[in-house]
Each structure stands twice: as structure tokens, then as C-alpha cells.
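**Q** So you can see what is in the structure, the chains are spelled out below.
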Amino acid sequence: MTAVIQAEHISFRYGPDQPVLQDISFPVQTGTFLAIAGPNGVGKSTLLNILAGLLQPQSGEVLLEGMSLRSCKVQDRARRIAVVQQESVPVFAFSVAETVLMARTPYFGRLGFESETDRELVRQALELTGTAGFASRPLGSLSAGERQRVFIARALAQDTPILLLDEPTSFLDLKHQVRIYDLLKSIQLERHTTIVAVTHDINLAAQYCDEALLLYPRGGRPAEYPHFRIGKTADILTPEEIERAFDVRIISGVVGNERFLIPLGARAKDSDSAGRAG
Amino acid sequence: MPRTLSPGILLTRTVVAAVLLVLVMFGCSLIGPQSISLKAVAAGPTSLTGPNPDYEIFLHVRIPRILLAALVGAALGSSGVIFQALLRNPLADPYILGISSGAGLGTMLAVIGGFGWTLWGRSPIAVFAFIGALGTVWLVWGIGRLTGKYHVAGLLLAGVVVNAFFSALIMFLASIAKSQQIHATMFWLMGNMMEEDFLVLWVGAGCIVAGIVALFLLSSQLNIISVGHHDAKSIGVPVGRIEFAAFAISAFITAVAVSLSGLIGFVGLIIPHAIRLLFGPDHRQLLPLSGLAGAIFLVVADTIARTIVAPAQLPVGVITAMVGGPFFLILLVRYSRKVYWLA
Numbered sequence: 001m002t003a004v005i006q007a008e009h010i011s012f013r014y015g016p017d018q019p020v021l022q023d024i025s026f027p028v029q030t031g032t033f034l035a036i037a038g039p040n041g042v043g044k045s046t047l048l049n050i051l052a053g054l055l056q057p058q059s060g061e062v063l064l065e066g067m068s069l070r071s072c073k074v075q076d077r078a079r080r081i082a083v084v085q086q087e088s089v090p091v092f093a094f095s096v097a098e099t100v101l102m103a104r105t106p107y108f109g110r111l112g113f114e115s116e117t118d119r120e121l122v123r124q125a126l127e128l129t130g131t132a133g134f135a136s137r138p139l140g141s142l143s144a145g146e147r148q149r150v151f152i153a154r155a156l157a158q159d160t161p162i163l164l165l166d167e168p169t170s171f172l173d174l175k176h177q178v179r180i181y182d183l184l185k186s187i188q189l190e191r192h193t194t195i196v197a198v199t200h201d202i203n204l205a206a207q208y209c210d211e212a213l214l215l216y217p218r219g220g221r222p223a224e225y226p227h228f229r230i231g232k233t234a235d236i237l238t239p240e241e242i243e244r245a246f247d248v249r250i251i252s253g254v255v256g257n258e259r260f261l262i263p264l265g266a267r268a269k270d271s272d273s274a275g276r277a278g
Numbered sequence: 001m002p003r004t005l006s007p008g009i010l011l012t013r014t015v016v017a018a019v020l021l022v023l024v025m026f027g028c029s030l031i032g033p034q035s036i037s038l039k040a041v042a043a044g045p046t047s048l049t050g051p052n053p054d055y056e057i058f059l060h061v062r063i064p065r066i067l068l069a070a071l072v073g074a075a076l077g078s079s080g081v082i083f084q085a086l087l088r089n090p091l092a093d094p095y096i097l098g099i100s101s102g103a104g105l106g107t108m109l110a111v112i113g114g115f116g117w118t119l120w121g122r123s124p125i126a127v128f129a130f131i132g133a134l135g136t137v138w139l140v141w142g143i144g145r146l147t148g149k150y151h152v153a154g155l156l157l158a159g160v161v162v163n164a165f166f167s168a169l170i171m172f173l174a175s176i177a178k179s180q181q182i183h184a185t186m187f188w189l190m191g192n193m194m195e196e197d198f199l200v201l202w203v204g205a206g207c208i209v210a211g212i213v214a215l216f217l218l219s220s221q222l223n224i225i226s227v228g229h230h231d232a233k234s235i236g237v238p239v240g241r242i243e244f245a246a247f248a249i250s251a252f253i254t255a256v257a258v259s260l261s262g263l264i265g266f267v268g269l270i271i272p273h274a275i276r277l278l279f280g281p282d283h284r285q286l287l288p289l290s291g292l293a294g295a296i297f298l299v300v301a302d303t304i305a306r307t308i309v310a311p312a313q314l315p316v317g318v319i320t321a322m323v324g325g326p327f328f329l330i331l332l333v334r335y336s337r338k339v340y341w342l343a
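Chains A and B are the protein sequences, given in the same order.
Last residue of the first sequence? That's 278 in the working numbering, and every number before it is there in order.
Last residue of the second sequence? That's 343 in the working numbering, and every number before it is there in order.
Since the hints were made in silico from the structure, they are not lab data.
A hint or two may mislead.
Claimed, not checked - To spell it out: a stretch of chain A is covered by chain B in this simulated footprint if at least three of its residues, at any positions, have a beta carbon under 8 Å from a beta carbon of chain B; those stretches are: (1) 64 to 77; (2) 92 to 100; (3) 121 to 127.
C-beta: ideal position from N, C-alpha, C; glycine also.
For reference, chain A alone in the conformation it holds in the complex (with noise of 0.2 Å):
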């Protein structure tokens, strides 16, 4: 296995008394499914966007192929990454057709039309994510599922090797979270695709992701202690690991061969007779 992705001693502040991530550094191998977690506010957006090429960080480099992805061209870039941003919803009211065929626009021909390749990469796209039998429908009338696996429709048919996705299952249902993760899984391993997302769900990330990337808040955190880990799931998502980034406490137990882990608060229901389960 090689890296298709490695980031080398990024930084990145967003002003001066700022400093969001410090000096990480990991490689993406190729064909992995990665998942990026932590608290809130601790850079798991922005370090997927640096991945992405949409911000630059201030000291440090992405290397796309061993190749430095500030020097990328934003066109060669989009041959090799898409991104699946946060759900929104644009403000006017294309089809799902319309939506996922924009994947195609830079190499639309000199009036604005495409080709019959591009129209095969939309409609491989929309089968794929299950979303042909409404692709005639403005994306406004859709429900928040519905539009995710439009959007990943959309990066699907930009047709490139490594698919970058930001919570793709945020304000999604227990059933649509977990269509949204066999997806991504199908995609990972049909089409081989290095898949990197910004997850909140530690117990998805577990079942489904073979690396994970965990980041911790500044706060609190012993000058000794790393930034961030990344390895196995299972060796990065552990009661103790999600203990300390998350500053909560976890029971935990096993179902399979997979751990799972809920957080527990002062006043809930177990609070008093959970122990360490599992």
C-alpha cells in the first residue's frame, strides 16, 4: 500500500490568537476508508478542507501523489479529489439531474454542454447513490438523505480516485446514516476510492472506517501528549482515547468483533451503575 494523500507538518490558525491544528502530519494510503473525529471547534473541517486543497495552511503541505497540492492546478486537483461539503441547500432550484451533472462542468465542451462520456458518469452516479428515480425533482424538495446522497452522487461523478467528505450523516435518521455508510463502503471497496469523512459517530466510524484519525482539544491536554492519533479503528477509537478527546465518560462493550461506545452523563439514567462494560 502507498500514500495517496500525505499531510506534512500542517498548521493552520485562523488568526493570530487562533491556532486551530498544529503540526500534523499522517499519510492516507490508498483505498482506505479514514475517519476523521474530536470535539467540536478542534479543526476536524478544517483539516479536511486543507486535504481538499479549499484552504492553505499557513506553514506545512498536503502532498497529492507525492506531488505538493499548493502547486496542484485547481483543475488537476478536481481530477483526483472531490468533496462532499456540509449539507446545505443551494438557493436555486436545480434538479437533482441538473446538480450532480454540474460535477462535469470543466470539461464541458466550448458552449457549456456535455458529452456523452459525462452523461454515462452521471448516470453510473445517480444509479450507484440510488437517487435516479427522483432525479428530476429540485433538490429543495428533497429530504436532508435524500439531498446527501445527492451531493455524494455529485462527487461521484466527478469520477477521481479520493472522495472527502464532511459529516455526511449530520441531521440524518439511524436508517439513513446507515445507507449513507454502506454507500461509501460499496464505493471504497468497488471502485476502490480512498475515502476520508469528518464524522461525530464514533460506533459508524467503527463499524465501517479501517483507519481513524483522532484529533484532541488543546485544553487540558498534558504538553507531552500528541495532538492527534491515527491508526486501526481499534486501536484509536477506545474508551480511554474518546475519554480524553471528548473530556466524557464512555461505557463501552462489544457486538461482533466491533467495540461500541456510548457517553454517559452526570444525570443519566446509569450514570451511577455503569461500570466499564465489555
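Could you slot chain B onto chain A? The hints should help.
**A** For chain B alone, coordinates are given in the frame of chain A:
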């Protein structure tokens, strides 16, 4: 995959709209306070009894004015589409970033200055309006950029504040000017169509048509840019370059239109919406159809403006608002289910 816009559909609809425009222009050229007959016009510049009045009116009064209305309507309709896309805001119009108040201030200065010179056959009012419009819109763009490269709200706020500030300056100048001067300016501020020289019309037509063609070549990229700049960037569209080009071109053709005709409101706001409600939001279609529909609309509105109180004339801006408003509300109610932000 369901049907999206195809070149064939686009071409058909554009040709139909263009034919419609020509028919409307022809029809309106026969309407006016002085009735003229086509047969007499066809007889040529001179008749047996001397100069042919029907021919003179048709060629030197009606035709230039109708061409001007079509040009200005096309410029406002299509640049309205662009401003709404760039600002990702359905309430935007070509004047929102300061073109109107800048042009108004330029006019006021020209009127108060009492200049007597002309430039390429244009009165100082038109020249000052053009400079004021372009200067102000670039000032707003510059201020907007200072608030952040992709900060649409900053750009909009800068436009609103600069508009308000310049409007106050216009009020100030109006309060110290002579009443005769104010009347001329007020007429201009409400949209003032005049019979222009053919030379001016050809230059204006060249600028506006070239601008619309150039904007059409950007319109597939404007689709994804209207969704969001991060979306566009991650898909591989050079957002900064496209936005700058679209902004520069549409600001330019709006300034040309404003310097030709004064401030005609409503066209740049309602025409893009009407076309979007009827045909959908795809900018490759929205742009040419809005340009043609804007032209048709303004030709009709100007024909009403010059005939309804003949021999006097109304400012065409009054008609665009009075005719356009109710017409747009009907469309809005009928088709609003197609548009999510009203649902």
C-alpha cells in the same frame, strides 16, 4: 438519466424568442401618436410632394427608439441573471451594487455643472452616468473584496451602503440645484428613452451583444458558482477568474444601458425570475432567454410609455414597474411551487 438542457432545446427556444422579439419590435414600430402606413414607408425617403413624413417617422423616430429599448432591455435582463447568480441572491438586480446611485450622481454632477460639450455625439449626462456607474460598481467590488474574497454578504452590504451614501449626495445636490435642472435629472432617474443616432445605437449594440455572448460562454460555470464557491472550486472551476469576468462584463453592459436610457427599474429583477419560473434555473438557458425577454418587455413598456399620454411621454420606468409588478405576481403565484425558497 432524465432530460437536462440539450443544445437542441436551447437553440429552439432561443430562436423562437428571437423571432418573437422581431415581431414585437415590428408591431410596436407601427404604433404611435402619429399613425403611419407601411405602404407609405415602403415608398422611400421622398414622395412626389416632397419629403415622405411616414418614412421619416418610421426610420428616424420609431426604429431607433425601439432598437434602443430592445438593447437596454436585453442588457438589464441578462445582467440581472448574472448578479443574482454571483450574489447567490434572488433579490439581486443589476443596480444592487451601486450602479444606479453612481450613475445618478454622475448625472446630477453633469446637470449642475451645466456642461455644453458633447463626446462622440453623447451629452455629458450620458458620459458622466457611464463613468459614475462603472466607478461606483468597482468601488463596491473593491470594498467587498476587503471583507473577504468570497464574502457575498460583505459585497451586498457594501453595495447597499454605497447606494445609500450616494443617494444622500444626490439629495444634497438636488436640494441646492435649480428646479429646472432637477426636472431633467428626475426624468433621467426614472428612465428616459430618446431617439438616438444610429451610430450610438450600433456602438451600444456591439458592446451589449458581445457582452451577452461572452456571458453565455461562462454560463455553465455560473451554474455551479451559484450553488456555492466551495462547491465550484472543489469541482475544478476557477471561481475567482469566472466571477471576476462575469462581474466585469455585466457591470459594463449595465453601465452602457444606463448611460443610454437612465435608470429603468424592475426589468433586471423580474425578467430573470419570470424566465426561471417558466424554464428552470440553468444559466445556459436563463441568460439568453432573459436577454430576449427583457428586450421584448422593454419594447412593449416603452411603446406604452410613449403612447398612453401622447403627445406627452411617461418615463418608461413608471411603466415597467406598473406593468411588470402585477404580471410578475401572477407568475409568482402560479409557478411558485417549482421554487423551493417560496415553498
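**Q** Counting residues of the region 64 to 77 of chain A whose CB is closer than 8 Å to a CB in chain B, do you get three or more?
**A** Since 3 is at least three, the answer is holds.
**Q** Has the region 121 to 127 of chain A got at least three residues whose CB is nearer than 8 Å to a CB belonging to chain B?
**A** With 3 residues close enough to chain B, the hint holds.
**Q** For the region 92 to 100 of chain A, does the count of residues with a C-beta closer than 8 Å to a C-beta of chain B reach 3?
**A** holds (count 7)
Violated hints: none; the structure is consistent with every hint.
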